[in-house]
Amino acid sequence: MIDKIRKEAKRILEEGIVDVVIGFEKGSIPLKSTPVFIEKPEDAEKLIWNKFCENNLARYLRRFKGKKVGIVANGCCSRAIVNLIIEGQVNRDDIYIIGTPCEGMLSRRKMLKDGKSEKNVDDSYLYINCKYCSHRNPVIYDYLVSEKIEEKPAQFPDVEEIEKLSPEERWTKFREEVNKCIRCYACREACPMCYCEVCFVDVNNPKWLEGGFAESDVEFWNLGRAFHLAGRCVDCGACERACPMEIKILNLTRKLNKDVKELYDYEAGLDIKQKPLLGEFRFEDKEEFIR
Amino acid sequence: MKRVSKKKFYNRLNELIGQYSVYAPCGDKIEEIKDVSELSIDGLLTRLPSKTYMFPQNEELFRWDKGKKIEVNIPDRKSILFGIRPCDARAIATFDPTFDTEEFPDPYFQKRRKNTIIISMGCNEPEETCFCTSFGSGPFDASGSDLLLVEMEKDFLGIGREEILELFGFEEGKGEKDFEEIKTQAEKKVEKINLKGIKEKLDALRETNFFKEISNKCINCGACTFLCPTCYCFDIEDMERVDGGKRMRNWDSCMFKIYTYETSGNNPRRQEELRMQQRIMHKFNYYPLLYDMYGCVGCGRCVSYCPVNFDIREIIKLINNAN
Amino acid sequence: MKNPYIPIEAEVKMARFESDDHSLKTIDLKFVDGDIFDFIPGQFCEISILGRGEAPFGIASAPSEDFLRFTINKAGVVTTGIHHLDEGDKVGLRGPFGNGYPVKLLEGKNIVVVSGGFAFTTLRSLIIYLLKNRDKYGNITVIYGARRPDLLLYREELKEWEKRQDISLFLCIDWKFGSKGPLEEPAQPGWQPINLKEPSKTEIKKGVKRFTAFVPQLVSAVKPSQKDAYAVVCGPPIMLKFTMPVLREIGFPSERIYNSLERRMKCGIGKCGRCNIGSKYVCKDGPVFSLKELEKLPKEY
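Protein chains in written order, with my numbering: chain A, 1 to 291; chain B, 1 to 323; chain C, 1 to 301.
There's no promise every hint is true.
[Said to hold, decoys possible] A short, non-exhaustive set of chain B residues, derived as facing chain C with CB atoms under 8 Å: (1) Tyr10; (2) Phe62; (3) Lys68; (4) Ile70; (5) Asp100; (6) Asp106; (7) Glu162; (8) Ala204; (9) Asn209; (10) Phe210; (11) Ile214; (12) Val242; (13) Glu262; (14) Ser264; (15) Tyr291.
[Unchecked claim] Each computed SDA-like pair below joins lysine to any residue, with the alpha-carbon atoms no more than 25 Å apart: (16) C/Lys104 / C/Leu131; (17) C/Lys209 / C/Asp285; (18) B/Lys69 / C/Ile40; (19) A/Lys116 / B/Leu44; (20) C/Lys163 / C/Lys180; (21) C/Lys299 / B/Asn209; (22) C/Lys2 / B/Asn320; (23) A/Lys40 / B/Ser264; (24) A/Lys110 / B/Ile193; (25) C/Lys299 / A/Asp271; (26) A/Lys273 / A/Trp208; (27) C/Lys2 / B/Glu166; (28) C/Lys30 / B/Lys317; (29) A/Lys110 / B/Glu71; (30) B/Lys246 / C/Ile40; (31) A/Lys207 / C/Pro186; (32) A/Lys40 / B/Lys29; (33) B/Lys246 / C/Thr141; (34) B/Lys66 / C/Lys90; (35) A/Lys148 / A/Phe64; (36) C/Lys25 / C/Ala15; (37) C/Lys74 / B/Ser264; (38) C/Lys132 / C/Ile40; (39) C/Lys74 / C/Lys2; (40) A/Lys26 / B/Glu71.
Calculated from the structure, these hints are not laboratory results. Every residue gets a Cβ at the ideal spot worked out from N, C-alpha and C, and that includes glycine.
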């Protein structure tokens, strides 16, 4: 698989189809792959693909406006690209997608805590959203690196566990998790769909929330971001992986994804002809919550 | 070497808890402990750095009441900061040239600094991401601490000020050879990167494409600045309530896009590479130029926690090779 | 222990709008307790409205006057709060900060002041100071322009200076309702147009002070001599961009051109880390820098 990625990247650079290829190379710390930006065909040898390529590369696409960009994309990354196209942030013609079917990423933090190394790669360390992933193949691509793999239907056992709890228990669990937040905004910057020029936390007039640690502010920030992603989140998990305090952000975003699937039978980023969920009204939309 | 049994040391610390407020690492951050049994120094570095004690993330500068009368409360208690690592202790000293000036003294920082005894714990087992030896320091560097402890099986060895050693009952004892052994083993594990001439090399790289090339993968999230023990950028914000309000000082980050955003719409550091240039130059060029000390202590938190593995050690190697 | 973060209470003694569109407001402040502090022209203060925030403003009054004057453009949260102030209202004040204009260095020299729009605030302070100590300084030339006459600041002082013999004042406006682009006729009656194709060949008759031109063009027309002279330039970025080449052509070297810079500021005392250009803080080592100093710093503007 890696050879094919390298060969294709080299080809599209040599033939001038793209100006730069975004992919992954070996990281400088154990169990980590890091994004790399290849401009010369001979550097394509640096590209790798393994179970530690945990960032969502679609996040970088908006930086290269006006240039032709190649990108190594797995399922969730390609869904993010589709979303960006639907929302008018990138042009389909400016991107060349090297699609890689993906069997999931492993949690390096958990593996390091248990003293595991690259030699004992073990699927029991899969991230939660990778374990229940329903789009392991890229939904859009210009070149597919290997045969498509089997897809599983969308399932949310982790969210259902929490839904079983009483409202008080859920509130306590939420407060405990979210109060670790240090407002560093790593989650927002890692997310490909968080590209607002001025985020709602930075607006000064009206000042929606303050910069301190008041519990209501920290909770508003996390909830507000999750809700702004409703119908747009592609479940890539980049937010939780970026968080330095290891907050379980996926509990919030996956719950919203589950609700969106159940209420509107919608999953974000599957087809460039889709309309954005909250930008469209269908007569079949359920209306029981409007009283 | 000065030596005391762990039991005696902790008993003494417990006794002092009434007279002093004792702060120590508790999991992720540094908190006040009321009893030695609350201590939990497992793991090498706390996630949040030592600056959370001297320079809290949200600090009240002053408050006012309905009549707009201003009230200032600066904590003024004798304290002990115990159990941080030597790199974190040295980082506190890097705040001094900025906050402890004669022209504009920062009383919030100064009072805490004056009132605190810093007791650090040497690192018998440094981590893979540590590089403190690059700054002429090491896992047992006592500069920056009032007392440095070396952990043995049942005892602590102590290096530091006489009064503090006496306060905790240290006595002359054996240990010179053991200490040398521990120190050498630990220093071997720490990566020593070459910082010679880095200031001049950075001067030569200014206004070149270098920063644009390296800053491509940085996502400007601010995690590195918040976890860095030497970063001190802050924002001043007013919190208004019905019956008065407070003016707060909150951590800010030079990596955020709106950090230098002006109300007119102009932003001198709109592009990512300008912000990356600011961060690296501040730590390895401006600070050495102004105060003859680096703005980095080699703790390695930025390396461990960066979501995209932007590694400052690799960047320094690139800078060394660029010339 | 001295605490540089605490604002001192000050009362608004006078508040008036400068421009017809109410975008610029001038306020005069006096401390509730005590006299005004001593300062140098070019320094700034941080004005606080408790609950809204703080912002830096250049001091427009001179050290010899017994009030602190500021002119504020309505742009954001704090400035809107200041625009709502009236006589008798209280604000907080911290200062004086910054390095000010190099008044000692300028002694015995000729001074050329070039300014545009509402950047003229600190220059009022400088000019009044120079005039109060007139015998210490050589020729004083002031070139100041704005879009419309009502956007020129401190019109009473300008009228007075127009009449004086010991200061050469030149004013210009460039906007006329309905017109697009540089004007060949007076924008308003009494404002003489200049030679647009070759501004430096404009004939300036004795006694004529008011022109229709952009500031850089007027500088070309006036051709202030660079001999033994220092230039103090303060204005919006676009004005600076086109004025610098004109001054260079006249022969001013980098060490004799001074700028007053602006940056987003919070603490004003060189601690919060935000206003720096390279190793210099605009609030502490500036805001006044010579062009020679700026050439050594990163080009972040």
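Structure-based check of each hint:
Taken as an interface hint, B/Tyr10 does not check out: its beta carbon lies about 35 Å from the nearest beta carbon of chain C, beyond 8 Å. For the restraint placing B/Phe62 at the interface with chain C, the shortest Cβ-Cβ distance is roughly 6 Å, inside the 8 Å limit, so the hint holds. Residue-level restraint check for B/Lys68 holds (minimum Cβ-Cβ distance to chain C is 6 Å; threshold 8 Å). Taken as an interface hint, B/Ile70 checks out: its beta carbon lies about 6 Å from the nearest beta carbon of chain C, inside 8 Å.
At its closest, the beta carbon of B/Asp100 sits 11 Å from a beta carbon of chain C; the interface hint therefore is violated under the 8 Å criterion. Interface restraint check: B/Asp106 against chain C, minimum CB-CB distance 6 Å, threshold 8 Å, status holds. Taking 8 Å as the C-beta cut-off, the interface hint given for B/Glu162 is violated, the closest approach to chain C being about 28 Å. At about 13 Å, the closest approach between the beta carbon of B/Ala204 and any beta carbon in chain C exceeds 8 Å, and the interface hint on this residue is violated.
Hint status for B/Asn209 relative to chain C: violated, with the closest Cβ pair at about 14 Å, above 8 Å. Using the Cβ-Cβ criterion of 8 Å, the hint placing B/Phe210 at the interface with chain C is not satisfied: the shortest such distance is roughly 13 Å. Proximity of B/Ile214 to chain C is violated relative to the hint, the smallest CB-CB distance being about 16 Å (cut-off 8 Å). For B/Val242, the shortest C-beta to C-beta distance to chain C is roughly 11 Å, which exceeds 8 Å, and the interface hint is violated.
At a threshold of 8 Å, the smallest CB-CB gap from B/Glu262 to chain C is about 5 Å, leaving the interface hint in force. At its closest, the beta carbon of B/Ser264 sits 7 Å from a beta carbon of chain C; the interface hint therefore holds under the 8 Å criterion. For B/Tyr291, the interface hint is violated, since its Cβ never comes within 8 Å of a Cβ in chain C; the closest pair sits about 10 Å apart. Between C/Lys104 and C/Leu131, the direct Cα distance comes to roughly 14 Å. Compliance with the 25 Å bound is thereby established for this hinted pair.
Between C/Lys209 and C/Asp285, the direct Cα distance comes to roughly 36 Å. Violation of the 25 Å bound is thereby established for this hinted pair. Between B/Lys69 and C/Ile40 the CA atoms are separated by roughly 30 Å; this puts the pair beyond 25 Å, and the hint is violated. Between A/Lys116 and B/Leu44 the CA atoms are separated by roughly 19 Å; this keeps the pair inside 25 Å, and the hint holds. A C-alpha spacing of about 33 Å is found between C/Lys163 and C/Lys180, which places the hinted pair above 25 Å, so the restraint is violated.
Restraint check for C/Lys299 and B/Asn209: satisfied, since their Cα atoms lie roughly 14 Å apart, inside the 25 Å limit. Distance restraint check for C/Lys2 and B/Asn320: the Cα-Cα separation of roughly 44 Å exceeds the 25 Å cut-off, and the hinted pair is therefore not satisfied. With a CA separation close to 40 Å, the supplied pair A/Lys40 and B/Ser264 exceeds the 25 Å bound. For the suggested pair A/Lys110 and B/Ile193, the alpha carbons sit about 29 Å apart, so the restraint of at most 25 Å is broken.
Among the hinted pairs, C/Lys299 with A/Asp271 is inconsistent with the structure: their alpha-carbon atoms are about 45 Å apart, more than 25 Å. Proximity of A/Lys273 to A/Trp208 is assessed by CA-CA distance (about 34 Å); at most 25 Å being required, the pair is judged violated. At roughly 34 Å between alpha-carbon atoms, C/Lys2 and B/Glu166 are farther apart than 25 Å, so this suggested pair is violated. Restraint check for C/Lys30 and B/Lys317: the C-alpha separation of about 56 Å exceeds 25 Å, so the hint is violated.
For the suggested pair A/Lys110 and B/Glu71, the alpha carbons sit about 47 Å apart, so the restraint of at most 25 Å is broken. With a C-alpha separation of about 32 Å, the suggested pairing of B/Lys246 with C/Ile40 is violated against the 25 Å cut-off. Of the pairs offered as hints, the one joining A/Lys207 and C/Pro186 is violated, with about 46 Å between alpha carbons and a cut-off of 25 Å exceeded. Under the criterion of a C-alpha separation no larger than 25 Å, the hint pairing A/Lys40 with B/Lys29 is inconsistent with the structure, at around 44 Å.
Under the criterion of a C-alpha separation no larger than 25 Å, the hint pairing B/Lys246 with C/Thr141 is inconsistent with the structure, at around 47 Å. For a cut-off of 25 Å, the pair hint linking B/Lys66 to C/Lys90 stands: about 13 Å separates their Cα positions. A C-alpha spacing of about 29 Å is found between A/Lys148 and A/Phe64, which places the hinted pair above 25 Å, so the restraint is violated. Restraint check for C/Lys25 and C/Ala15: the C-alpha separation of about 7 Å stays at or below 25 Å, so the hint holds.
Taking the CA atoms of C/Lys74 and B/Ser264, the gap is near 10 Å; set against the 25 Å cutoff, the hint holds. The suggested pairing of C/Lys132 with C/Ile40 holds, with an alpha-carbon distance near 13 Å, which does not exceed 25 Å. For the hint pairing C/Lys74 with C/Lys2, the CA-to-CA distance comes to about 32 Å; that exceeds 25 Å, so the pair is violated. The straight-line distance between the Cα atoms of A/Lys26 and B/Glu71 is roughly 55 Å, outside the 25 Å bound, and the hint therefore fails.
Comparing the model with each numbered hint stated earlier shows that hints 1, 5, 7, 8, 9, 10, 11, 12, 15, 17, 18, 20, 22, 23, 24, 25, 26, 27, 28, 29, 30, 31, 32, 33, 35, 39 and 40 do not hold.
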